[in-house]
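A.B. asks: One letter stands for each residue in the lines below.
There are 2 protein chains.
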Amino acid sequence: MTSKTLFNRMALIGVGLIGSSIARAAKLQGAVGSIVATARSPETRRRVAELGIADQVVESNAAAVEGADLVIVCIPVGACGPVAQEIGPYLAPGAIVSDVGSVKGSVVRDMSPHLPSNVHFVPAHPVAGTEYSGPDAGFAELFVNRWCILTPPEGTDPSATEKLAAFWSLLGANVETMSPEHHDLVLAVTSHLPHLIAYTIVGTADELQNVTRSEVLKFSAGGFRDFTRIAASDPTMWRDIFVANKDAVLEMLGRFNEDISALTRAIRNGDGNTLFEHFTRTRAIRRGIVQIGQDSPAPDFGRPHPGLPHTPLPKPYAADEG
Amino acid sequence: MTSKTLFNRMALIGVGLIGSSIARAAKLQGAVGSIVATARSPETRRRVAELGIADQVVESNAAAVEGADLVIVCIPVGACGPVAQEIGPYLAPGAIVSDVGSVKGSVVRDMSPHLPSNVHFVPAHPVAGTEYSGPDAGFAELFVNRWCILTPPEGTDPSATEKLAAFWSLLGANVETMSPEHHDLVLAVTSHLPHLIAYTIVGTADELQNVTRSEVLKFSAGGFRDFTRIAASDPTMWRDIFVANKDAVLEMLGRFNEDISALTRAIRNGDGNTLFEHFTRTRAIRRGIVQIGQDSPAPDFGRPHPGLPHTPLPKPYAADEG
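Protein chains in written order, with this note's numbering: chain A, 1 to 322; chain B, 1001 to 1322.
Everything labelled a hint here was simulated from the structure, so no lab data went into it.
Being a predicted model, the structure only gives us computed values, none of them experimental.
Every residue gets a Cβ at the ideal spot worked out from N, C-alpha and C, and that includes glycine.
All the given hints hold, so there is nothing to weed out.
What follows is a set of in silico ranges between Cβ atoms, one per label pair, in the way DEER data are often shown: (1) A:D157 x B:A1284: 46 to 56 Å; (2) B:N1269 x A:A166: 37 to 47 Å; (3) A:E43 x B:R1109: 50 to 60 Å; (4) B:G1094 x A:A284: 46 to 56 Å; (5) B:I1292 x A:N273: 37 to 47 Å; (6) B:G1052 x A:D136: 40 to 50 Å; (7) A:A298 x B:G1052: 20 to 30 Å; (8) A:A298 x B:K1004: 28 to 38 Å.
Sequences and hints are given; from them, build the entire structure.
C.D. replies: As structure tokens, then:
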């Protein structure tokens, strides 16, 4: 234990990309005294033990939460209700129970009824991730300079919310608090709609008769490949998100459809002015995101560019040329 | 001149991201004896001279092409016709005339009538770029491992096509030949539709009443920020592309709309199976793109992740802690 230690014992239920990143970051930062982890599949539990990112790996959710003063459920949102029901009776009095789900209204609705009144329920959503899944995909820096949104239900003890906020700050995140309803609307546009559109266009491109899959792959650097990254995200997680945040996603889809209809009409009419004005406006949004440090200013996301072929090698390597 | 020199004198008309990257790469590779460049705006001409990426900067298109055995027009596709008309009378007999436009049918239609029969017209499209524009944005490695598509009209001398292919190979590109019509269909799906969708969703997000722009920017790491990169591309270039490739873009938009309607219905009906199956299929496309080297396997496009706060610094830097 160090002076930074906020919790004696953290239980992680689910150790995928997010859970394993929390474990790594919390350990590095000395944020918790010890980490107990569990996962549904024996393979994941075995792998977590091999990786050494938890102090203890147990077989059941009930065993994981016993004696823990921080419990974080890191599983697809559709599974949160049943897991809350399972752990409810075993939670230590005064424990903080949290999650990392991308939808908050459904998580509050599904988990709250199963949690005893002597624990603090503070739902959370770290807005961070990659297109990879599983315990090997996590890394300690995942949350640095990303936002973590807390959505404590009305009546939550403010000191519990503050303690969880301190935990996420220690992991490098910026913390913001809002209502579950507002969270779900904001994330519908900044995350759920983009994923749905990416999943759609990647499917569209794969089903064409007059353009082959090989051509789609080869010429993907024209823009398409950017969409394939998020369309490679975990299918179970995303199925659950769209089912759980149906209303907000449908609302955003409706607005998107109106806007794409307007641009389609401009293309059909050869209305270059409308297109030019729209394309000029959207540049400003990118600049704003880069300015606040939520994306890199490096061209092309900083993707590596290999060197030119047969170019004379720089001094340090020239000897290798034989 | 080196043994690699393919052309004595290359004229570049337009020196933005693509033109300046060609200049840099051709010079580094010794692909051409000398480079003469011109641009419409005096600012760009001055900047190109300052950068030293051309051997000579001239004020008019006519002056640029005189005596050049390779002429590459690197301007928005909507301007290609008028420029062809301007340079036609000044082209050297036997010169190869090419371009870099993202639409090929319209370029062939607009340029061909103005080119004399004693030059070789070999339209080209290097499928490469970044979200930045202008002569400073270019770099010599831009085309390495990217595809360059040549669309020689029927009757083009095969040796001219081969010579231009050799030029692009020397710049690091893979070269493929196809008809202008097929090119425009392929690029409609791998580049034009993705850009249109990105431009749309970024506009949609910016016009919401119930979510602020500040929230959109802050929580953009949930997926939205990926779209803002290509929605920051040059507005003039993209206006011209959509006007020039209207038919193929409308065709692809129709298919995209059918597919998004099907997924919308699945969300509305809570049909998790349909969503899960779709999301599983699209993962394979990403893997294919990474396998053929058209994107990086690094998580999150290899975006940098800053270190954790207050973490002990590694040895080489520890002395700076003071």
